[in-house]
Each structure stands twice: as C-alpha cells, then as structure tokens.
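Based on the provided sequences and hints, a complete structural model is requested.
In case you want the letters, here they are:
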Amino acid sequence: MGREDFSETTYMLEISDPMMAHVARAGQFVIVVLHERGERVPLTIADFDRERGTITLVIQAVGKTTRQMQQECRVGTRLFGMAGPLGKPASIGGVRKVICVGGGLGVAPVFPQVRAFKNAGAYVIGVIGFRNKDLVFWEEKFRRYCDEMIICSDDGSVGIKGLVTKGLEMSMDKHADTDRVVAIGPPIMMRACTETTRPRKIETIVSLNPIMVDGTGMCGGCRVRIGDDVRMACVDGPEFDAHTVDFDDLMSRVGRFKEQERQALERWTNNGCNLRTDCNRQSS
Amino acid sequence: MAGKTIRTIPQERTPMPVQDCHARGMNFAEVALGYDEDAARREAERCLLCPDPACVKACPVSIDIPGFIERISRGDFRGSYDALADANLLPAICGRVCPQEVQCEEVCPVGETLEPVAIGRLERWIGDHAIEQGWSTVPYIEPRRYRVGIVGSGPAGMACAADMAKAGCDVTIFEALHRPGGVLRYGIPEFRLPDEVIDAEYANLERLGVRIACNTLVGRLFTLEEMVGKLGFDGVFVATGAGSPRFAGIPGDSLNGVLSANELLTRCNLMRAREFPEYDTPLPLGRRVAVVGAGNTAMDAMRVSLRMGVEEVSCVYRRTRHESPARREELEHAEEEGIAFHWLTAPVEILDDGKGNVRGMRCTRMELGEPDRSGRRSPVPIPGSEFEFPADIVVYAIGTNPNPVLGQTSNLKLDKRGYIEVDEHLATSIAGIYAGGDIVTGAATVILAMGAGRKAARSMKAYFGVRDTETVYELGDQSATRFGIPVFEKNHTRVLAY
Ligand SMILES: Cc1cc2nc3c(=O)[nH]c(=O)nc-3n(C[C@H](O)[C@H](O)[C@H](O)COP(=O)(O)OP(=O)(O)OC[C@H]3O[C@@H](n4cnc5c(N)ncnc54)[C@H](O)[C@@H]3O)c2cc1C
Ligand SMILES: Cc1cc2nc3c(=O)[nH]c(=O)nc-3n(C[C@H](O)[C@H](O)[C@H](O)COP(=O)(O)OP(=O)(O)OC[C@H]3O[C@@H](n4cnc5c(N)ncnc54)[C@H](O)[C@@H]3O)c2cc1C
Ligand code: SF4
Ligand code: SF4
Ligand code: FES
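So the sequences go chain by chain: E and P.
Last residue of the first sequence: 284 (the numbering used here), numbering continuous.
Last residue of the second sequence: 1498 (the numbering used here), numbering continuous.
Hints were generated in silico from the structure; no laboratory data involved.
Cut-off 16 Å, straight-line C-alpha distance, at most; resulting in silico cross-link-like pairs (EDC-like, lysine to aspartate or glutamate): (1) P/1355 / P/1392; (2) P/1355 / E/249; (3) E/97 / E/173; (4) E/88 / E/241; (5) E/133 / E/8; (6) E/97 / E/148; (7) P/1355 / E/248; (8) P/1355 / E/259; (9) E/97 / E/147.
If you want it as structure tokens, here you go:
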C-alpha cells in the first residue's frame, strides 16, 4: 500500500491488487473493510495502473472509518478486505466533446473518466473545484489529459472565483456543441450542475453515493429514485442520467444515520488507542 | 425393534428445551437449546422404522431417515452421522432450519395419531454431536485434473463444492461478501443458527480441500465466460441466491426508516450492528417496528428487532396465520415472544413525519377471496376499512427478485423474471456452466438449495466423465477385527452410489 496526503483531511491510498487493477474501469468503485469489526465503506476508484497492479483511492476523512483509515493505513499495511470493482463502468464511447466536472472530493473520481474520454478520442474539458489553493491536488494529472481546463475556487485563491457551476456555464457557452457533461461530487453540487445543464438539454451523468452495505444488490439500502423507478445504485449505477435523478430523496437518505455516525466518531476519538491496537493485529 | 407399533412407542413427542421466552427476547443466544443424549434416544424410540418409509421420499435430499434414527437408538452415533452425512453435508444446519412440518415430518405415519417423530431435532442432535466430537467424513480423495469454480457460498454452493471435492476436483468458491455462508450468515440470525455451527460446517469443506475466496464479485472482477475461458475452470456452478429485495411500490417507500429485511438482517448479523458501537455498522430502530410479510424472513426481522431493544414489534400480513409460509416453530416462538400480529392487513401508504422520516403506516383490512393461481385464496381489500398505524421503522419482507449482476455481465440465458434458465440437469445456456438454488427457483429453502447443489455436481461429474473416488471412512473402534485381522483406518471402504 502506498500513500500520499493532499491536505489535513484528504489523502490518497495506492493499493496493490493486480487482478482488480487489470479490470477496473472508469466509474467503478470498491468496498473496503478496514478491520474485522469495520464497516463496509464504498470508495470510488480514482485511478488504476495496470502495469504496476495498483488501484488508487482518494479519501476525505469525514467520519469514524475514514479518519481511522487516515490514521492507520500506512505504507505496507493490509486491509481486512476489499471487494471490487463494483458498479457499472461509465459509458465512454460515442462522445465527441465532453465536460467533466469534479467538485471537492469529486475531483479524484472524475479523473479516470477524463483519461478514458481522452483515450477514446473525445475533446475533453475539465472543470474542477476546490475551496482554496491549498486543497488543490492532481492538477498536473488533469492537464495531461484535458484539452481545456478550468479550476474554480470558493475564495478565488486559484483559478476563477466561484463554484464549479460557474466554470460549467463558461465552458458550455464556449462550446455549444458539447454532447455530454459528467459531474461528480457532493449531492448538492451534482444537483446544481444538473440544473445548469437541464435548460440546455445536454446529456448529463452523475455518480450517486447513497449509503451502502453490501454493494451487491442484496440489501436495497442504496436504492435511489430514478424517474418513476427505484434502482440500486450499487448494481444499476452508480452513474445515472442526472435529469431523471430525485436529488431530494438522495439527500434525505444520506443523512439517515447522522446520530450514530456522530456517536461512533465521538467514541473513537475518546478511546482511539484501544481500537488501534486491535487493528495492528490485522496489518502486516 | 421388530414389532414396534404405534401403541408401544413413547406416545409423547420429546419436548425441545427452549430458552425462557422473556429472557430470550433480550439476547441473541439460541432459542431452541437442542436435545441431550437421553432425549435423543427417547425420541429415536418413537420411529417405527417403516420398511417403505414415507419420510425419505418427502426429504428433498432423500436422507436414510430410519437408518440414522435406528443407529441413534442403538447408540451408534458415529454410524448415524455417517448415514446422515452421506446425503446431507449440513445436518446441524438443516436440523435447525428445515421446514420439517411440510417435508419429512408431514408424512410420517406416527403423525396420524400422535405427533410425528421429531426427525429434524434428531438430525440436529447428531449434527451437533458430530461438531462436538470433531467428526467429519473426509474420504480418501484421488486428485483429478479438473478445476471447478463455484459462485456464491450459500447452501447450494457449499453442497456442490463438497461433492466435487470428494470427486477429486480442485474447487474454489467465490463469495462477494467478506464472510462465507450466504443467507445462512447474513440472513438467518444467531438465535436460530449460531455462527459457530456455520463455521464448523465450513471447516469440513476446507478439510476437503475447498478454497474460499471472499470479497470477489463474479461478473465484475471476472465474468462467467472468463471463468470457463481464460481462467481455466472446467466447470462452474452458479449459486448466487435470489438476493434483491422487493419494495411495495406504495407512497412513502423511500422515506428514511423504510428498509428491507435483508438490510436489517445484514446489518445485524453480518455486520454485527447489535454490538454497535463496538462494531462500526449502525442500525437504529426506534421504539416501534412494523414488519410487512409473514415468512421466515419477516419472523427473523421481527425477532431481531425485539432483541435490539425495540418496544413494540408488529407484523402486518395481508393473508391469515394459516397462509403464513414461515416455519411453524419460528411463528410460534415469535408469538410467544410477544410480537403483535395483524393478519388480513396490508399497508397502502407510509406516512411522513414531515422531515422525511417514517411516522406510521396507513393500512387497509383485507378479506380472503377466490383462490389464485397458487391455490391460495387471494386477499382483497375491504373498502372503507383504512386505518393508521404508528411506527418508527417499516421493514419489508415481501420477497426478492433475482440478483442482476450476472445477467448484466454475461450472456447467460435468463427467464422472463430474470432467473437463470436451466435444463433438467441444471445446465445453463453456456457449456460447462451450471446453476441452482434460489437464483434458479426463486426464494426457496436451504435444503432445496443443497439438493440443487448436489444435482449440479452429479451433472458436472457426468460432463467431466469422472466417478466418485471411493469414500473411505475411519473406523471409530480401533480394536475391530475382520477375518481375525485388526482393521484400522482406511480399510473400511464403500462406494457411494449415484
Ligand atoms: C459509490 C460511492 C463512492 C464513494 N467514493 C468516495 C471516494 O472516492 N472518496 C471518499 O472519500 N468518499 C467516497 N464515498 C463516500 C464514503 O463512502 C463515505 O464518506 C464513508 O462511508 C464515510 O464513512 P465514515 O465512517 O468515515 O463516516 P460516517 O461518520 O459513517 O459518515 C459520514 C458521511 O458519509 C456517508 N456514509 C456513511 N456510511 C456510508 C456508507 N456505508 N456508504 C456510503 N456513504 C456512507 C454518510 O452520508 C455520512 O453523512 C463514496 C460513496 C459511495 C456510495
Ligand atoms: C431471513 C431468511 C430466513 C430464512 N429462513 C429459512 C429457514 O428457516 N429455512 C429454510 O429452509 N430456508 C430459509 N430461508 C431461505 C434459504 O435461506 C434460501 O433458500 C437459501 O439460502 C438459498 O441458498 P442459495 O445457495 O441459493 O443462495 P444464498 O444463500 O442466497 O447464497 C448466495 C451467495 O452468493 C453470493 N453472491 C451473489 N452474487 C454473487 C456474485 N456475483 N459473485 C460472488 N458471490 C455472489 C451472495 O453474497 C451469497 O453469499 C431463509 C431466507 C432468508 C432471507
Ligand atoms: S434435511 Fe430436512 S427434510 Fe430432510 S430429513 Fe432433514 S429435516 Fe427432514
Ligand atoms: S415415516 Fe416416521 S416412523 Fe416411518 S421411518 Fe420415517 S420417521 Fe420413522
Ligand atoms: S448496497 Fe445493498 S443493495 Fe446496494
């Protein structure tokens, strides 16, 4: 396992799994179980290297598990379990001009799509947004595969000042012939992008992140409303046509364990060391 | 034993000791405690040892029931276990979860005047005794060059794996979750089927040389076609279970607090939410849980909720108690534990508390009308009978749809509903790939899934052209002699006939 920290809360893990690296495609995710008592945490495959046999995850420490991973996953440690690649791969072919929008944490997951579109011969415009200059990562990586790129920041400390929707508007104005927009990030950002493209009737794809358990279509916990249908994001998605997604439903469902998440985090912060010794047994 | 008649056998069915119903509502320890040796021998006496036993025909895997029971009454427990294990790899599991009352025990002639012989309880006792003694029938296996891949580690996959391993094949099971067992692990709770029992039965598989690869979702990491192609498996058995839960499709289905029984049970059993926050996965249930449905899954969801500390657990079912497809014992236990049953009731809407959470259900009363295609009288709503019903959590246990992953990722032929299509040998539309269990039949039972696994194994062996190696059992009694020569292990042989 390799590791790089992008900021206080964002870190990257590079995990060796040659078989998975060999078949992973843009748009797919993995489920990681950190230790025997751990939760099953879904994380998007942010990059993969078929030659070296690694897959890359970029993780934001938001709650108990992601913070614990931040603390414990070092070079050389092993995960208790990782299943994947899960979900349907993104459809890449048949697109001539695409705008890939990544907001905050969504920047990493959108990268494999950028690369795949480029390799498939599309004209790729990248729009990536961060809160400020210090949080920027992978800029070079993006520049390598984007024909055009706009960085947005909340405070204007880098790129243009404003949300990614502003960057998206600018690109769409410039390229009226855009045939697809891909937007990945927090639900609120994906909804904003969806509303931005709706009047222009440009096909828009979002990657949904409801709470998951098994990731195999068995529990129904990740169900989302797509038009009049109910779909399982883990097997029918995670990518869906944005203009049919019921975002209110998604946003309400993501919050359904808030109280327990707070409790878990609090407890972990209070006796973090106990859990740590537990875990070291697992790592080698 | 000759001359046993219905009059001479013990008249009373030996009762199953159970945990007190008040105490058990608070814990996850097993409810039915199992027989002890005396009880088992007493109950074994009740079997008439019919020369043409009806019970064997009613058992989906044709266990030699009088054979194993007779050995119990003789005190030959090892022999009894061998007789059982010939047909059923998992006696300790089936004895616990089989719906005996509609299978082997239903047709037992003792049941015509008295209670039928408690075949399931005896089977469980032998299974448990074997685990305690560390017995397993590991035959001498002659290795062959065939490689077999099994997709799914539920009862169907396990049964097929065991048979193929005994035939000398190199067997690997692929399981999507991080622990093996399928529904046995994530669905059926520990108070009915403790994890140790599953682990013990799996250990037997490993002793046969079967490898289990968890965290592997077949279809995504590699496809079925790749398994028989470049990964070099000579045969594949697909046993992925029915899996995907159904929702009622009524207003309010997507509110927070509406979940499938699968999610509730997975969180609690596989992810151990009941030990949250010791384990990381949460499962908040509130004060009142209403479960829709009345099958085994519904019973399990209700009884788990009770043990998670929910004050009021109720069951809402659109037919009557008589039509409930659950195992009788579980239904009775659920009633004893204080679950409120609302028969002939169906939800029409789930009510919102204004913040996206469940506040209750609006239900309608039903009455039974004309019989439907399945022969059951179908429920019809009584107009104007709607009423509200408070609940914090609504759990759906109303059946499953087939898991879509393999359909999405392979060219397997599926039927109209999405289940895998097979012929009478359980062969699918792709050569070398067989399928069985819930993914073929729709939700069924553990023993039917196992039966399917064994049937597929038979077909696969015929396809490879291999026969079973001789099964060689160890003799328990090391001082036995035959023709004056002491016989030790491995010289008591017999060939399993198929
Ligand atoms: C398909 C998919 C891809 C994802 N990709 C990434 C990624 O690349 N990088 C990343 O940092 N995060 C990603 N996430 C989100 C990530 O799974 C959650 O941040 C993580 O589970 C939080 O766990 P926690 O214990 O640290 O926090 P918690 O305190 O448990 O939760 C914090 C927040 O995370 C969400 N969450 C909690 N549990 C789950 C769960 N089991 N499944 C989904 N969301 C959950 C909740 O909305 C909650 O508000 C992805 C989620 C999905 C569904
Ligand atoms: C809550 C509940 C209670 C029940 N109670 C009883 C009972 O008391 N008595 C009884 O007889 N029956 C009972 N049943 C029914 C019984 O459990 C099932 O009929 C039986 O388990 C089916 O076995 P199976 O092997 O076909 O599939 P399953 O047991 O469903 O196992 C399938 C396995 O395959 C895995 N899998 C799925 N897709 C993939 C993939 N693509 N790659 C790799 N792995 C995959 C799954 O994760 C799972 O572990 C109950 C069912 C439930 C849900
Ligand atoms: S496997 Fe089931 S049906 Fe067969 S004898 Fe045992 S309990 Fe009866
Ligand atoms: S039918 Fe009943 S009495 Fe006859 S052999 Fe079977 S268990 Fe014994
Ligand atoms: S995570 Fe359970 S069905 Fe998708």
